Amino acid sequence: MIIMSRVKLAFISLLSFGIFLAHAQTEKLQDEKELEVVNFNSIKKVLQKDGLSQAALEKKEQVAILKEEQNALEKERFNYPTEDELWGLASEFWLIKNAQILGWDFEKPDYGLDKSFRETLENLGFYQKKFRILMVNTPTVVHASLPGSDGTSIFLLSVPFIRSLDLTKLEISLLLFEDFLRLEQGYFKKSVSSEKMKTLAGTNFYGQKVDMSFMEEMLKSYSTQINQKGFSFQQQFETTKKMDSYLKARPELWNVYYRLLGKINSFIKTNVQYKDYVKLYPSPEMQLKWIGPEEKTL
Amino acid sequence: MILLYFFLSLFSYAETVATDEKVVGVFYMTPLFGHVHQSPIRTSASLTTIQCAHPLKVIESSKVSVSAEWAYVQVADYKGFILRSYLSERKPKCIQGTYPKFFDALNLDLSELYYWGRLYDHYVESETRVH
Numbered sequence: 034m035i036i037m038s039r040v041k042l043a044f045i046s047l048l049s050f051g052i053f054l055a056h057a058q059t060e061k062l063q064d065e066k067e068l069e070v071v072n073f074n075s076i077k078k079v080l081q082k083d084g085l086s087q088a089a090l091e092k093k094e095q096v097a098i099l100k101e102e103q104n105a106l107e108k109e110r111f112n113y114p115t116e117d118e119l120w121g122l123a124s125e126f127w128l129i130k131n132a133q134i135l136g137w138d139f140e141k142p143d144y145g146l147d148k149s150f151r152e153t154l155e156n157l158g159f160y161q162k163k164f165r166i167l168m169v170n171t172p173t174v175v176h177a178s179l180p181g182s183d184g185t186s187i188f189l190l191s192v193p194f195i196r197s198l199d200l201t202k203l204e205i206s207l208l209l210f211e212d213f214l215r216l217e218q219g220y221f222k223k224s225v226s227s228e229k230m231k232t233l234a235g236t237n238f239y240g241q242k243v244d245m246s247f248m249e250e251m252l253k254s255y256s257t258q259i260n261q262k263g264f265s266f267q268q269q270f271e272t273t274k275k276m277d278s279y280l281k282a283r284p285e286l287w288n289v290y291y292r293l294l295g296k297i298n299s300f301i302k303t304n305v306q307y308k309d310y311v312k313l314y315p316s317p318e319m320q321l322k323w324i325g326p327e328e329k330t331l
Numbered sequence: 025m026i027l028l029y030f031f032l033s034l035f036s037y038a039e040t041v042a043t044d045e046k047v048v049g050v051f052y053m054t055p056l057f058g059h060v061h062q063s064p065i066r067t068s069a070s071l072t073t074i075q076c077a078h079p080l081k082v083i084e085s086s087k088v089s090v091s092a093e094w095a096y097v098q099v100a101d102y103k104g105f106i107l108r109s110y111l112s113e114r115k116p117k118c119i120q121g122t123y124p125k126f127f128d129a130l131n132l133d134l135s136e137l138y139y140w141g142r143l144y145d146h147y148v149e150s151e152t153r154v155h
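Going down the list, the protein sequences come from chains A and B.
This note's numbering numbers the first residue of the first sequence as 34 and each following residue consecutively.
This note's numbering numbers the first residue of the second sequence as 25 and each following residue consecutively.
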């Protein structure tokens, strides 16, 4: 009996060991199968044959290019505008900052200056020129020209001034043309421009703090140039001589310009409100002499 | 019966009002800033200020007649007027979109935004022809 039970126990143990061994062997085989699946080397040939490894490489390169482009786009967001764009922006920003002083936000009649000035420019041979005129309701800024973006000229014109002088559309257009020539000569930019602005324009400030000090400097220079500094005798002489040469071929325009200078000359001499005009635009009296017919002494 | 007639007429009125306005298309603002005006006059009150590349629905309505210079538009809940020359069918390239970080650094306050929009209403602009 005892012997029988020992034989049974031995048989059961042997059977259990056998089952365990068989189970262990199956699990190993499964692992090996899995290993084979994840083992790239074993399927490398298949992938190469299907061109999949090439596709994976291309995809990887594509992702890298996209990432690079994305980074470049992100960096571009930190660009300073170009010099041309900065001039336009600075001019308009100055007009916004000085909106109350200049008083340009007011209702005024349509003086038809867009047509009249356009025709004057075209008559004098200036084509594809964009301009914007802003009428201001103050006697402090009589007339001025500011650089805009994309070759646009911005003109400021005082309504009290043109009303007091009772200027015609043609006279106003010639006054604007004089300002146009000053702008073309680059006097304003030369006087207002800063080295910092030139250095920073079009560059990138990614990873740095944006430097806006040059904008503040420019806005201050705008105010100084327009309200205090104005133009030098030399610059005025050059402008007047240019006006003379452009208008000489059209005597009717030349006469209007000469008459306009005479009007301004006598007006500013008698009107205290415009006493600073000669400091900014020296001087209508001299301009008349520069272009006027020489007086012959008998 | 009277009540039924009343309701029917009310529904037909509502339908007329709803179908009277027609969206002509979606256009984009081109200047840096601009205003949707209460009336088609450059100096009229501003309903809202919008910036460059902002989409606007141009509406046609038998109840609103405007000159060729102006467009009747809808922006969010506002319906007003804007100069047609400021609208573009294509999304324009704007300075605030091209240089967003620099433009943010200008720190424009509300009054400056308002005046910048007004500036474009006051400009008298033109271009000489091509030779």
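Note that these hints are calculated values from the structure, not bench results.
Quick caveat: nothing in here was measured; it's all calculated off a predicted structure.
Be aware that one or more of the hints could be misleading.
[Claimed, not checked] Partial chain B-side listing against chain A, Cβ under 10 Å, derived: (1) V90; (2) S91; (3) W94; (4) A129.
[Stated by the list, open to error] Keeping only pairs whose Cα atoms sit at most 25 Å apart, straight-line, the calculated SDA-like set for lysine to any residue is: (5) A:K231 / B:I65; (6) A:K148 / B:E84; (7) B:K117 / A:K148; (8) A:K130 / B:K115; (9) B:K115 / A:P172; (10) B:K125 / A:N104.
Glycine is no exception: its CB is placed at the ideal position from the N, C-alpha and C atoms.
Taking the hints in turn, this is what the structure says about them:
no., hint, result
1, V90, "violated (18 Å)"
2, S91, "violated (13 Å)"
3, W94, "violated (15 Å)"
4, A129, "holds (4 Å)"
5, A:K231 / B:I65, "violated (40 Å)"
6, A:K148 / B:E84, "violated (30 Å)"
7, B:K117 / A:K148, "violated (28 Å)"
8, A:K130 / B:K115, "violated (28 Å)"
9, B:K115 / A:P172, "violated (40 Å)"
10, B:K125 / A:N104, "holds (15 Å)"
The earlier numbered hints that this structure contradicts are 1, 2, 3, 5, 6, 7, 8, 9.
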